[in-house]
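Peer 1: So the chains spell out like this:
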Amino acid sequence: MTESSSPLPHAKFRCRGVNVHYGMAQAIKDNDIDIYDKSVTSFIGPSGCGKSTFLRCLNRMNDTIDICRVTGDIRLDGVDIYDTEIDPVQLRARVGMVFQKPNPFPKSIFDNVAYGPRIHGLASNRADLDALVESSLRSAGLWDEVKDRLSSAGTGLSGGQQQRLCIARAIATQPEVLLMDEPCSALDPIATEIVEELITNLGETYCVVIVTHSMQQANRISERTAFFHLGELVEYETTHDIFNTPKDERTIGYVSGRFG
Amino acid sequence: MLSWVALIVTLMTAGAFVASRHRARSVAHGDLAALHSRPVYHGAYTALRVAIAGFGVLIVGLILSNIGLRAALFAAIPDSLGTLSQIERDLIVSDGVAIAAGEVASRTDAAREAVGARYNTLMMARNIGLAVLTLGAAAFVYLRSITQISVPFRARNRTEKIVQGLLMVSAGIAILTTIGIVASLLGQTLVFFSEIPITKFLFGTLWSPLSGVHSGSMDPDKVGAIPLFAGTLLITFIAMLVAVPVGLFAAIFLSDFASNRARGIIKPMLEILAGIPTVVYGFFAAITVAPFLRDTGAAVGLTISSESALAAGVVMGIMIIPFISSLSDDVINAVPQSLRDGSYGLGATKAETIRKVILPAALPGIVSAVLLGVSRAIGETMIVVMAAGQGANLTANPFEAVTTVTVQIVALITGDTEAATAAGPAFTLGFTLFCVTLIFNVIALRLVRKYQESYD
Ligand SMILES: Nc1ncnc2c1ncn2[C@@H]1O[C@H](COP(=O)(O)OP(=O)(O)O)[C@@H](O)[C@H]1O
Ligand SMILES: [Mg+2]
Chain Y
3 MTESSSPLPH
13 AKFRCRGVNV
23 HYGMAQAIKD
33 NDIDIYDKSV
43 TSFIGPSGCG
53 KSTFLRCLNR
63 MNDTIDICRV
73 TGDIRLDGVD
83 IYDTEIDPVQ
93 LRARVGMVFQ
103 KPNPFPKSIF
113 DNVAYGPRIH
123 GLASNRADLD
133 ALVESSLRSA
143 GLWDEVKDRL
153 SSAGTGLSGG
163 QQQRLCIARA
173 IATQPEVLLM
183 DEPCSALDPI
193 ATEIVEELIT
203 NLGETYCVVI
213 VTHSMQQANR
223 ISERTAFFHL
233 GELVEYETTH
243 DIFNTPKDER
253 TIGYVSGRFG
Chain E
3 MLSWVALIVT
13 LMTAGAFVAS
23 RHRARSVAHG
33 DLAALHSRPV
43 YHGAYTALRV
53 AIAGFGVLIV
63 GLILSNIGLR
73 AALFAAIPDS
83 LGTLSQIERD
93 LIVSDGVAIA
103 AGEVASRTDA
113 AREAVGARYN
123 TLMMARNIGL
133 AVLTLGAAAF
143 VYLRSITQIS
153 VPFRARNRTE
163 KIVQGLLMVS
173 AGIAILTTIG
183 IVASLLGQTL
193 VFFSEIPITK
203 FLFGTLWSPL
213 SGVHSGSMDP
223 DKVGAIPLFA
233 GTLLITFIAM
243 LVAVPVGLFA
253 AIFLSDFASN
263 RARGIIKPML
273 EILAGIPTVV
283 YGFFAAITVA
293 PFLRDTGAAV
303 GLTISSESAL
313 AAGVVMGIMI
323 IPFISSLSDD
333 VINAVPQSLR
343 DGSYGLGATK
353 AETIRKVILP
363 AALPGIVSAV
373 LLGVSRAIGE
383 TMIVVMAAGQ
393 GANLTANPFE
403 AVTTVTVQIV
413 ALITGDTEAA
423 TAAGPAFTLG
433 FTLFCVTLIF
443 NVIALRLVRK
453 YQESYD
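These protein sequence lines map, in sequence, to chains Y and E.
Each residue of the first sequence is one higher than the last, beginning at 3 in this note's numbering.
Each residue of the second sequence is one higher than the last, beginning at 3 in this note's numbering.
These aren't lab readings, by the way, just hints derived from the structure by calculation.
Misleading hints may appear alongside valid ones.
What the hints assert, rightly or not - Straight line, CA to CA, 30 Å or less: simulated BS3-like cross-link-like pairs of lysine-lysine:
(1) E:K352 to E:K269
(2) Y:K149 to E:K358
(3) Y:K103 to E:K163
(4) E:K358 to Y:K109
(5) E:K352 to Y:K109
(6) Y:K103 to E:K358
(7) E:K452 to Y:K149
(8) E:K452 to E:K269
(9) Y:K103 to E:K352
Everything numeric in this text was worked out from a predicted model, so none of it was measured.
Construct the complete structure from the given sequences, taking the supplied hints into account.
Peer 2: As C-alpha cells, this is what we get:
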C-alpha cells in the first residue's frame, strides 16, 4: 500500500491485519489502513463489499451483533480499542456514528441532542447543557431552522433535517471521530448538498470517515478514498489519485463505472 | 323422520352436482372450451341452489311449526280444568309431550293424555307436511336449474354470487348475535333501572339483592353495587401489581437480553402458562395459594382469611403475566433496531438504551397491553369464584374476603332463586361489566393503532 507524498496529518486510526467474520462467512479480509485526523476519508466499493462492516469495527458497533467476530489490531491514537481494558461504551462516546437512515429518537429536538451529554454527564447544569445543545445544532447547521421549536418532536422534521439532527446528536457527545454510513442515501439532492457541505466543514475539526455509494460524493468531499472489493481493501490513496490514476484493475473498473 | 329428509336433501345435493356437471359436458358436445363456465361450476351452482332450497325450507319450517305447535298444545288443554297459571299449563304440556314420547311424566291424567294425543297427531302432520315441502322445493329447484344449463350460461358468476352471499350471511350472524346480546343486556338493564333507581345501584354500599324477594319486590337499599366494584377493583389492582412488573421485565429480558436459545425455551413456556384453563388457576388459588398465604400470615402475626382478595389477585396476576409479556414483547420488538443502534452509537449502555429510548418509544403499546390486561382481570370469573369469597364486604384490606361483579353474577344465576327475579341484577351487572371492559379495550386499541402509525 502506497502512501500519499503530501505531508501527512496525524494518523488517528491505525489498523493492521483486520479480519471480520459473520459466523463462518468472512466479510473483511486482512485489511491494513491508516485513517488521518482532521480530514474526510471515504470508503467506496460495490454493495456488500464490507464498507459498513469495516466502519463498525472502528467504534466496536459490531459488538452488538452476536455472530460478528473481529480480529486484528485497531489502534485509536495508539491504543488498541479491542483491548479488554477498553469499554466499548466509552469508545463510542469518542467515536460517534451517523447512520444511513436518519434515526432520531421519538423525543424532542432538544432531548435528542442532549441525549449523549446527559448519559455521559458532559454538562454540569442546565445552562451548560443548553449551550452544548445550541453549539451542536449550530455545527450541524440546524440551529436557525429549529431554534424556535426545540421542544417539538425530532421525528417531525424533514429527512434532511433529521439527518442533521442525528449529526448534531453525535457531535454533542464531543467525539474525536465521526463515522457516517451512507448519511445521504436517504436524502433528496438539496438536503444532500447541505449535508455534504456540513461534512466538509466537520472535516476541519474531526476525523470523519464516510461510507458512500456515490463516487461523485467521495470526490466532492473527501481528501482520501479507500476502495473495498469483496472484503478486501484494494486501494487507498488521495481521492484525486483514486479517481484519476487508479492502479488496481478492480479500482479502474469500478471508478470508470464498469461494475458495481 | 326429518333427519331422513335432511339426509335425502344432502344426497340430492350431491346428485345435483354430478348430474349438472354431466349435463354441462353434454350440452358442450365435447367442446368444453366453448362453455362460458367450466362444468364444475354448473355442478356447484345447481348443488348450492338445491341445498339452499332444501335446508332453507326445512329450517324455516321447523322454527315456524314449533311455535305453532306450542300454541296448539296449549289450546288442547281441556277447558274443564278451569283457569290455570302459566306454570301449571307449561307443566301439563310438557307432561303431555312426555307421554306421547313414551317417557315418564310427572303425572298421568285425562287432560295430559289428551294433550299427548294431540301432540302425536300434530307432529305427524307437521313432519309429513314439512318432508313434502322440503323435498318438493329441492326437486323443483333442481329441475329448474338443470334445464337452465346451456353453453353461454354464466354458472361461475352465479356460483360466486351465491358463495359471496353465504359469506355475508356468516358475517351477519356474528354481528347480529353481538347486537342481540348487547340489546338484551341493555333491555334487561333498563327494566331493572325502571324498578330500582340507578343511583342506588351505582352508589349504594349494601349488596344483598335477593334477601327480600320472597316478600315480592327488591329492596332498593340492598342493591348497592359499590362493594362489588370495590372488590373487583381491589383484586384487579393486586393482579396488575403482580402482572405488570413481571410481565414487562420478562418482555424486556426476552427482547433485549435473552439469547436465541433462552428465548426458544421461555417463549413456549409463557405460552403454556397462557394456555392453562382459568378453572385450574382457580383451584390452584383456592387450594394451594390461599392456605399458604393464610399460614404465612399467621406465622408473622397477620390475619389473612382463607378466602382473600390477595390470593385471588396474586393468582390472577400470574394468569395475566403471559398476556402482558407477549404483547409488550411485540411492541418492544417493534421499536426499530435503528433506534437501538443510534443509542449504542452515542455510547449508551444497554440499560440506558432500554430505559431512555426503548421503553419511552414502546410506552403507548405497553400501556395498551396493561389496559387489555386490566379488562381481562375485571372480567375474570373462575379464580374469584373459587378464591375471593361470596360476601359483599366493602373493604380495602387485601387480607379479607371480597366479592366481585363476576362472582355475584354467578351467584345470582346459579342460585335457587327464580331466574326471572335474579336476571335483573345479573343482567345489569353484566352490562356494567361489558361497558367497562369495552371502554378499556377501545382505549387500548386506539393506543396500539397510534403507536403503529408512528413507525410506518
Ligand atoms: N449482521 C450481519 N449478519 C451477517 N452477515 C452480515 C451482517 N451484516 C453484513 N453482513 C455481510 O457482510 C458482508 C458485508 O456487508 P456490509 O458491510 O453491509 O457491506 P456494504 O456496507 O459494503 O454494502 C455482506 O456479505 C453481508 O451479507
Ligand atoms: Mg453498507
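Peer 1: Please go over all the hints and tell whether each is borne out by the structure.
Peer 2: These are the hints, each one checked on the structure:
| no. | hint | in the structure |
| --- | --- | --- |
| 1 | E:K352 to E:K269 | 22 Å, holds |
| 2 | Y:K149 to E:K358 | 23 Å, holds |
| 3 | Y:K103 to E:K163 | 48 Å, violated |
| 4 | E:K358 to Y:K109 | 10 Å, holds |
| 5 | E:K352 to Y:K109 | 18 Å, holds |
| 6 | Y:K103 to E:K358 | 20 Å, holds |
| 7 | E:K452 to Y:K149 | 28 Å, holds |
| 8 | E:K452 to E:K269 | 27 Å, holds |
| 9 | Y:K103 to E:K352 | 21 Å, holds |
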